[in-house]
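Asker: Guided by the hints, dock chain B onto chain A, whose structure is given.
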Amino acid sequence: MRALLVLTIAGGSVAHATLTPLVSIAGVTPDLPLIMVVLLALRRGPEFGSLSGFVTGLLQDAAGGGLIGVQAMTKAVIGFSIGAAGARLRVSQPLVQVPGLVVLTIAEGLARFALLQIFRFPAPFGELMMYVVLPQALCNGFVGAAVVLALAWAQTVRGRLEGSRA
Amino acid sequence: MKIRKFVLLGSLVAACLLLLTLQMRGYGSAARDVFAVVTAPIQTGLAKASRATFGLWATYLDWKNVRAENRRLREEVQELRVQGLRVTETSDENRRLRRLLALQEHLPLTTLSGEVIAREWGGWIRSLTVNRGRGDNVPRLTAVISPSGLIGRVVDVRPGVSIVQVLTDPTSTVGAHVLRTRTPGIVEGDPRGTLRFKFMARDGASIQTGDVLVTAGQGGLFPRGIPIGTVRTIDNRGAALFHYAEITPAVDFARVDEVLLVTGDAQHDLTAFFPTGG
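As they're listed, the protein sequences go chains A and B.
Each step along the first sequence adds one to the number in our numbering, with nothing skipped, and position 94 is 105.
Each step along the second sequence adds one to the number in our numbering, with nothing skipped, and position 190 is 631.
No wet-lab data here; the hints were simulated from the structure.
Owing to the predicted nature of the structure, the values given are computational and were not obtained by experimental measurement.
Glycine is no exception: its CB is placed at the ideal position from the N, C-alpha and C atoms.
Among the hints, a few may not be true.
Not close to chain B: a few residues of chain A, all C-beta gaps over 12 Å, as computed [what the hints assert, rightly or not]:
no.	residue
1	Val39
2	Leu126
3	Phe153
4	Ser175
What follows is a list of derived Cβ distance ranges for each label pair [unchecked claim]:
no.	chain 1	residue 1	chain 2	residue 2	range
5	A	Ile129	B	Ala493	53 to 59 Å
6	B	Val478	A	Arg99	38 to 44 Å
7	B	Leu514	A	Gln128	55 to 61 Å
Only chain A is shown next, with the shape it has when bound in the complex (with noise of 0.2 Å):
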């Protein structure tokens, strides 16, 4: 489980960069590692959530050619508050994961044009936003409603199916 856990992370991570524009709507790629990273991080906890964000976020960042650890970072932080939040809120609903996969989305966008703004980033935050970050975090939040579904069905099933063996 474990193994299949790190290669999810680890692969989906690299292959992000590479598969992603075969998923993208209407030109907007959903950011596939976050949401990955947002749905561990509620069923395993703040310290997966920020390991895992970690990890798939600096592969990302290797992958796709820019600074090394300004997604690391971003997604580490978002794994360690949505795993902490996972605790305390009733987040297990999808219909409150899907408009916080798009908040945060959004708070990771923030995140990480503050962090390329110190590291002397020339970026147009308007825009940034406009033509990257919203489109992204509504995008998200499809995909993630998509994504949250298959997972419920899923689990439906192994549980019939367990309850029939028993």
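Answerer: Same frame as chain A, but now just chain B:
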């Protein structure tokens, strides 16, 4: 326990900041190279795999589209064939009606055009039902012709329709003569649905295969000179008084759809108005 979490997060953030700082100070290429060594082969493999997968998918979609297109085109071909048949049918009808109209206009007779709406083809009786009847003042025994020749005569007039006895009816007889030799005789129908020409042996010595028979015009029923058919075979019965010739009808009775009913004076020679091959 809580502190451990924050220590972990702090370490991760610190590692990131360190990485970023190192990169900003120009030490980032080594780290990137290390990552590239790990990620590049994976990415290459993934790219190949995704291309192959999507290539297969694209091929499948193409195949599916081709199938759908093929089905659509088949339906279209079927539709066009039906349309083509309709056009051919209309064109044929148009051609027949033009011929009929041309004949009607040229003939020095009063005629009434009619459409065949039924056929009795059992053998006992061979008749056509034409959509002209009592309301059209069609007299009984009216001659019925087509642009190719004689069809028969009206034997029964009913409201809205007339029954035409076809030449091949077993009880049908028509006075005729061979156009080339003027040999007189009688054209009779028979139960097989064929026509035969009965003529006196002494008059018919010179009749040949292919000779055209036309109506004799005697008796005032049929106008003179309407083609009946051509001699197919001659049945020489030796010393018998009458000889017979098998006739190929000028009109294909099974296919005729439009006819002309000669309602007026029938005392005309119509030889010049029909194709007789000579």
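Asker: Decide, hint by hint, whether the structure agrees.
Answerer: Against the structure, the hints:
Every Cβ of chain B is farther than 12 Å from the Cβ of Val39/A; the closest lies at roughly 19 Å, confirming the non-interface assignment. Chain B draws Leu126/A into its interface by the beta-carbon criterion, the shortest separation being 8 Å against a cut-off of 12 Å. Residue-level check passed: Phe153/A sits 22 Å from the nearest beta carbon of chain B, beyond 12 Å. The Cβ of Ser175/A sits about 34 Å from the closest Cβ of chain B, beyond the 12 Å cut-off, so the non-interface label holds.
In this structure, Ile129/A and Ala493/B break the distance hint of 53 to 59 Å, their C-beta atoms being roughly 42 Å apart. Between Val478/B and Arg99/A the CB atoms are about 42 Å apart, so this pair conforms to the stated range of 38 to 44 Å. The supplied range of 55 to 61 Å is met by Leu514/B and Gln128/A, whose beta-carbon atoms lie about 60 Å from each other.
Checked against the numbered hints given earlier, this structure breaks hints 2 and 5; the rest are met.
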